[in-house]
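Chemist: If you want the building blocks of each chain, they are given just below.
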Amino acid sequence: MTNIETLKLNLGPQHPSTHGVLRLILELEGEKIISCKPDVGYLHRGMEKIAEKLTYIQYLPMVDRIDYLAGFFYSELLCENIEKALEIELSERVKAIRVLMLELNRIASHLLWIGAFLMDLGAVSPFFYTFRERELVLKYFEKVTGQRMMNNYFVFGGVRRDIFDLGDVKDFLKILKNKIKDYERIIDRNPIFKQRTIGKGILEPDIAFNDSITGVNLRASGVNLDFRTKHCLYKDYEFNPVVLNGKDSFSRYRARVLELTLSASIIEQTIEKLEQNGELKQTLIKPLGLKLPEGEYYSEIEAPRGLAGCYIKSTVEERPYRLKWRTGSYYAVNLLRKLLKGVYLNDAIAIAGSLDIILPEVDK
Amino acid sequence: MLKNIRGLLISMFTVFKHLFIRPVTLEYPEKKIVPPENFRGKPVLGNCIKCMTCTRVCPSGAINIQKNTFNIDLNKCIFCGNCAYYCPINCIKMSGEYELASSDKSDLNLVYDINKTGENNV
Chain H
1 MTNIETLKLN
11 LGPQHPSTHG
21 VLRLILELEG
31 EKIISCKPDV
41 GYLHRGMEKI
51 AEKLTYIQYL
61 PMVDRIDYLA
71 GFFYSELLCE
81 NIEKALEIEL
91 SERVKAIRVL
101 MLELNRIASH
111 LLWIGAFLMD
121 LGAVSPFFYT
131 FRERELVLKY
141 FEKVTGQRMM
151 NNYFVFGGVR
161 RDIFDLGDVK
171 DFLKILKNKI
181 KDYERIIDRN
191 PIFKQRTIGK
201 GILEPDIAFN
211 DSITGVNLRA
221 SGVNLDFRTK
231 HCLYKDYEFN
241 PVVLNGKDSF
251 SRYRARVLEL
261 TLSASIIEQT
271 IEKLEQNGEL
281 KQTLIKPLGL
291 KLPEGEYYSE
301 IEAPRGLAGC
311 YIKSTVEERP
321 YRLKWRTGSY
331 YAVNLLRKLL
341 KGVYLNDAIA
351 IAGSLDIILP
361 EVDK
Chain X
1 MLKNIRGLLI
11 SMFTVFKHLF
21 IRPVTLEYPE
31 KKIVPPENFR
41 GKPVLGNCIK
51 CMTCTRVCPS
61 GAINIQKNTF
71 NIDLNKCIFC
81 GNCAYYCPIN
91 CIKMSGEYEL
101 ASSDKSDLNL
111 VYDINKTGEN
121 NV
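Protein sequence lines correspond, in order, to chains H and X.
Quick note on this note's numbering: the first sequence kicks off at 1 and runs consecutively.
Quick note on this note's numbering: the second sequence kicks off at 1 and runs consecutively.
Treat the hints with caution; some may be incorrect.
[To be verified] The list that follows gives simulated cross-link-like pairs (lysine-lysine, PhoX-like), each with its CA atoms no further than 25 angstroms apart: (1) Lys32(X) / Lys139(H); (2) Lys31(X) / Lys143(H); (3) Lys174(H) / Lys17(X).
[Unchecked claim] Partial list, computed: chain X residues near chain H (C-beta under 8 angstroms): (4) Leu2; (5) Asn4; (6) Leu8; (7) Phe39; (8) Val57; (9) Pro59; (10) Tyr85; (11) Ser95.
By construction, these hints were calculated from the structure, which means they are not laboratory data.
Bear in mind the structure is a predicted one, so any value in this text is a computation, not a measurement.
Cβ coordinates follow ideal geometry from the N, Cα and C atoms, glycine included.
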């Protein structure tokens with residue numbers, strides 16, 4: 001036996017296709033990856049520690065920055081926790097508005113992922129097409145909430161202002177339906193894309209379960225687990241979670257495209273609800289001197305990148321004693337250790353991209 | 001093989017169609033976006049009553065109220081709009097001004113005279 005020399009390669013932290021600052025320490029034997037060690041923390045901002053210094057209302061705008069592509073989900077979690085603690089019931093209209101915003105946000109997030117994933121594989125045009133459609137969502141957010149990404153729209157007990165211009169959303173859904181067909185034409189039939197994704201990065205359901213993978217990545221491995229079905233906001237909505245059996249990068253891509261249509265169908269149901277009941281009734285909580293009763297609170301929701309959770313421990317002070325976030329991407333990064341073992345280097349980016357890792361969410 | 005070529009041709013054709021559509025972007029310095037009504041841009045001050053609510057809801061400590069001055073530090077401001085939303089008399093407003101880049105850091109430290117009324121403060 002001769003000793004084969006291995007090469008240590010740092011992928012990142014400033015690699016354009018790592019979506020932020022992910023560093024993968026790869027050990028290569030020729031072109032083959034023997035081991036992969038993700039190194040996270042380059043984008044650490046101390047979101048959990050900051051919470052202990054700020055009052056709840058001061059912390060609320062920060063929460064959008066945990067995952068800048070899906071900020072609504074995290075502000076929803078914080079608001080939900082506080083509403084749980086103070087036992088406040090939301091009115092139907094507030095719930096419908098929140099679902100509308102969350103699902104639009106999910107569409108925006110998935111659209112960005114489709115573009116960025118294709119960019120990783122070397123296809124540049126789809127990136128512009130998906131950004132063009134995402135822009136319509138962001139424009140609507142800007143109109144209603146005041147900003148494109150850092151929305152700060154949900155408040156404890158309700159929303160900042162009533163929703164308007166639902167016609168824009170309807171127009172967007174019509175456009176989206178046509179554009180999804182376009183994406184399928186460009187991407188799904190492309191032989192180069194198929195060769196680089198079908199059968200690559202196979203994620204077995206039991207590995208996914210053991211590594212706490214949730215969200216689309218899990219459902220693309222054939223497990224029917226969607227936390228929206230259990231969530232209180234989505235009680236009155238009819239939908240079937242997207243479950244695919246492919247287990248590979250391609251089925252993760254397909255699942256996200258199918259989720260676009262799923263979200264669109266949920267939005268259609270919300271629009272019906274919003275048009276029925278006209279007035280916005282909400283009991284807003286006064287932010288100054290807000291103290292939660294002693295205890296521990298936890299809420300969770302299906303975010304675009306898997307299960308997101310927020311844990312608060314309160315000791316009847318204006319600030320939380322401890323606040324912890326559970327984010328889906330963190331577990332997906334850890335999964336790279338297993339998925340990248342034994343694959344070739346040129347597949348590594350395609351597999352890492354298919355898991356939809358967002359680094360601010362990982363590092364918090 | 002034939003199937004692959006057909007797939008490629010279909011995707012190329014769909015991309016090719018995009019050559020003939022109108023541009024969706026704006027040529028920025030010449031044409032500017034008109035921000036919507038609720039847009040959260042540069043905060044401007046009206047008649048302040050010194051209730052100090054804004055300093056207490058501000059996440060980054062950008063607002064500093066002294067005896068005669070009202071100071072918003074845009075270096076710290078994250079444009080969350082908490083101050084405008086919780087002001088009891090709506091005297092802080094988030095305006096539509098969004099071109100706030102400056103080569104001098106002190107330009108971003110907005111100092112308003114608290115005794116002057118209206119929006120004619122500097």
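Chemist: Does tyrosine 85(X) hold up as a contact with chain H if the rule is Cβ-Cβ below 8 angstroms?
Modeler: Hint on tyrosine 85(X): holds, closest Cβ of chain H at ~6 angstroms, below 8 angstroms.
Chemist: Under 8 angstroms is the threshold here; is the Cβ of leucine 2(X) close enough to any Cβ of chain H for the hint to stand?
Modeler: With Cβ-Cβ at 11 angstroms, over 8 angstroms, it is violated.
Chemist: Going straight from one Cα to the other, do lysine 31(X) and lysine 143(H) come out at no more than 25 angstroms?
Modeler: holds (19 angstroms)
Chemist: Checking hints one by one. Is asparagine 4(X) an interface residue toward chain H, by the C-beta closer than 8 angstroms rule?
Modeler: Cβ of asparagine 4(X) sits 4 angstroms from chain H, so the hint holds.
Chemist: Assess, step by step, whether the Cα of lysine 32(X) is no farther than 25 angstroms from the Cα of lysine 139(H), and give holds or violated.
Modeler: Status holds; Cα separation ~15 angstroms.
Chemist: Are the Cα atoms of lysine 174(H) and lysine 17(X) separated by 25 angstroms or less?
Modeler: holds (19 angstroms)
Chemist: Hint check: is the beta carbon of serine 95(X) less than 8 angstroms from a beta carbon of chain H?
Modeler: Violated - the Cβ of serine 95(X) stays beyond 8 angstroms from chain H, reaching only about 11 angstroms at its closest.
Chemist: Does valine 57(X) meet its interface restraint, that is, does its C-beta lie within less than 8 angstroms of any C-beta in chain H?
Modeler: Holds, because the Cβ-Cβ distance from valine 57(X) to chain H comes to roughly 5 angstroms (cut-off 8 angstroms).
Chemist: Take the shortest C-beta to C-beta distance between leucine 8(X) and chain H; is it under 8 angstroms?
Modeler: Result: holds, 6 angstroms to nearest chain H Cβ.
Chemist: Does proline 59(X) meet its interface restraint, that is, does its C-beta lie within less than 8 angstroms of any C-beta in chain H?
Modeler: holds (4 angstroms)
Chemist: Measuring from the C-beta of phenylalanine 39(X) to each C-beta in chain H, is the shortest one below 8 angstroms?
Modeler: This hint holds: phenylalanine 39(X) lies near chain H, its Cβ roughly 6 angstroms from the closest one there, short of 8 angstroms.
In this structure, the earlier hints numbered 4, 11 are contradicted, and the remaining ones agree with it.
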